[in-house]
Structures are given as structure tokens and as C-alpha cells.
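Undergrad: Quick note, in the numbering used here, the sequence shown goes up one by one and the last residue is 145.
Just so you know, these hints were derived from the structure itself, not from any lab.
Please note: incorrect hints may appear among the correct ones.
[Said to hold, decoys possible] Label-pair distances were calculated between CB atoms; the ranges are: (1) T55 to I108: 54 to 64 Å; (2) T68 to S90: 16 to 26 Å; (3) I110 to G56: 49 to 59 Å.
[Unchecked claim] Computed list of lysine to any residue pairs in SDA-like fashion (alpha-carbon distance at most 25 Å, straight line): (4) K131 to L47; (5) K95 to F70; (6) K99 to G89; (7) K44 to F88; (8) K99 to E114; (9) K124 to I51; (10) K54 to F126; (11) K99 to G80; (12) K44 to G87; (13) K94 to N107; (14) K74 to Y84; (15) K98 to I110; (16) K94 to H115; (17) K99 to H115; (18) K54 to P118; (19) K59 to F70; (20) K54 to V130; (21) K95 to K121; (22) K74 to I110; (23) K71 to F120; (24) K74 to V62; (25) K54 to E129; (26) K121 to K131; (27) K44 to T55; (28) K99 to I117; (29) K124 to G89; (30) K95 to E81; (31) K95 to S79; (32) K124 to R86; (33) K95 to I117; (34) K121 to L47; (35) K121 to R102; (36) K74 to V64; (37) K54 to K105; (38) K121 to K59; (39) K54 to I110; (40) K44 to I110.
This structure is a prediction, so every number in the text was calculated from the model and none was measured.
Backbone N, C-alpha and C define an ideal beta-carbon position, used for all residues, glycine too.
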Amino acid sequence: MRKADLVATISEKTGIAKVDVLVSLETFFKEVKSSLSSGENVYIRGFGSFIVKKRAKKIGRNIKKNIAIEIPEHFIPAFKPAKIFVEEVKTSVRVLPEDHSDKV
Numbered sequence: 042m043r044k045a046d047l048v049a050t051i052s053e054k055t056g057i058a059k060v061d062v063l064v065s066l067e068t069f070f071k072e073v074k075s076s077l078s079s080g081e082n083v084y085i086r087g088f089g090s091f092i093v094k095k096r097a098k099k100i101g102r103n104i105k106k107n108i109a110i111e112i113p114e115h116f117i118p119a120f121k122p123a124k125i126f127v128e129e130v131k132t133s134v135r136v137l138p139e140d141h142s143d144k145v
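Whenever a hint applies, use it, and build me the whole structure from the sequences.
TA: This is the structure:
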């Protein structure tokens with residue numbers, strides 16, 4: 042499901058105009074990004090948490106030049122689903138594989 046599909050589905054189920062649903066979704070995404078950028082996690086009960094994870098510094102390798110490089114410590118966004126969310130997915134009907142026929 043893509044963002045456009047999500048907007049259409051929400052619009053159909055709620056009767057809210059697609060443009061209003063799109064604005065709401067975009068605002069939600071913007072606020073999650075803003076919160077994570079400022080180091081604040083976002084918790085949504087029954088759904089999950091958008092969190093910031095710290096990656097330790099490590100040694101990587103530039104394979105073209107065959108030299109070791111240091112990758113500094115950094116932070117990455119992550120999503121941790123709620124337990125009830127995980128259980129619902131585990132017990133749901135099997136998921137059909139994506140149709141890649143339009144991608145050549």
C-alpha cells in the first residue's frame with residue numbers, strides 16, 4: 042500500500058475529502074520527523090513508537106580504494122510496533138506477495 046492508497050482508503054472509510062486526509066497525513070509525518078529530529082520519541086498507544094536509536098562509531102571499508110574509514114556515532118529513526126499490533130499481524134490472514142508485474 043502506498044501513500045495514495047492509504048489516503049484513498051481513509052477518505053472512503055471516513056467520508057473526509059482526500060485533500061484533507063492528505064494534509065492530515067503530511068502534517069502527522071512532519072510532526073513525527075520534527076519530534077525525532079529534536080530527540081523526542083513519539084508514542085502511539087496500541088500502534089507503536091517512533092524512536093531515535095544511537096549507532097556507535099565503527100570502522101567501515103571503502104571497497105573502491107580498499108581503505109578503512111571511521112564511521113562516526115550517529116542517530117537513526119526507528120519504529121517499534123506495540124505488542125498488540127505485533128500479535129494482530131501474527132494472527133492475521135497470510136499476506137499475499139506484492140505484484141511486481143508493473144515494475145520492469
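Undergrad: So, for every hint listed, does it hold in this structure?
TA: These are the hints, each one checked on the structure:
no., hint, result
1, T55 to I108: 54 to 64 Å, "holds (55 Å)"
2, T68 to S90: 16 to 26 Å, "holds (19 Å)"
3, I110 to G56: 49 to 59 Å, "holds (54 Å)"
4, K131 to L47, "holds (21 Å)"
5, K95 to F70, "holds (21 Å)"
6, K99 to G89, "violated (29 Å)"
7, K44 to F88, "holds (18 Å)"
8, K99 to E114, "holds (8 Å)"
9, K124 to I51, "holds (24 Å)"
10, K54 to F126, "holds (21 Å)"
11, K99 to G80, "holds (22 Å)"
12, K44 to G87, "holds (21 Å)"
13, K94 to N107, "violated (29 Å)"
14, K74 to Y84, "holds (13 Å)"
15, K98 to I110, "holds (11 Å)"
16, K94 to H115, "holds (8 Å)"
17, K99 to H115, "holds (10 Å)"
18, K54 to P118, "violated (30 Å)"
19, K59 to F70, "holds (16 Å)"
20, K54 to V130, "holds (21 Å)"
21, K95 to K121, "holds (14 Å)"
22, K74 to I110, "violated (29 Å)"
23, K71 to F120, "holds (15 Å)"
24, K74 to V62, "holds (18 Å)"
25, K54 to E129, "holds (21 Å)"
26, K121 to K131, "holds (15 Å)"
27, K44 to T55, "holds (16 Å)"
28, K99 to I117, "holds (15 Å)"
29, K124 to G89, "holds (8 Å)"
30, K95 to E81, "holds (13 Å)"
31, K95 to S79, "holds (14 Å)"
32, K124 to R86, "holds (10 Å)"
33, K95 to I117, "holds (7 Å)"
34, K121 to L47, "holds (20 Å)"
35, K121 to R102, "violated (30 Å)"
36, K74 to V64, "holds (15 Å)"
37, K54 to K105, "violated (52 Å)"
38, K121 to K59, "violated (28 Å)"
39, K54 to I110, "violated (51 Å)"
40, K44 to I110, "violated (37 Å)"
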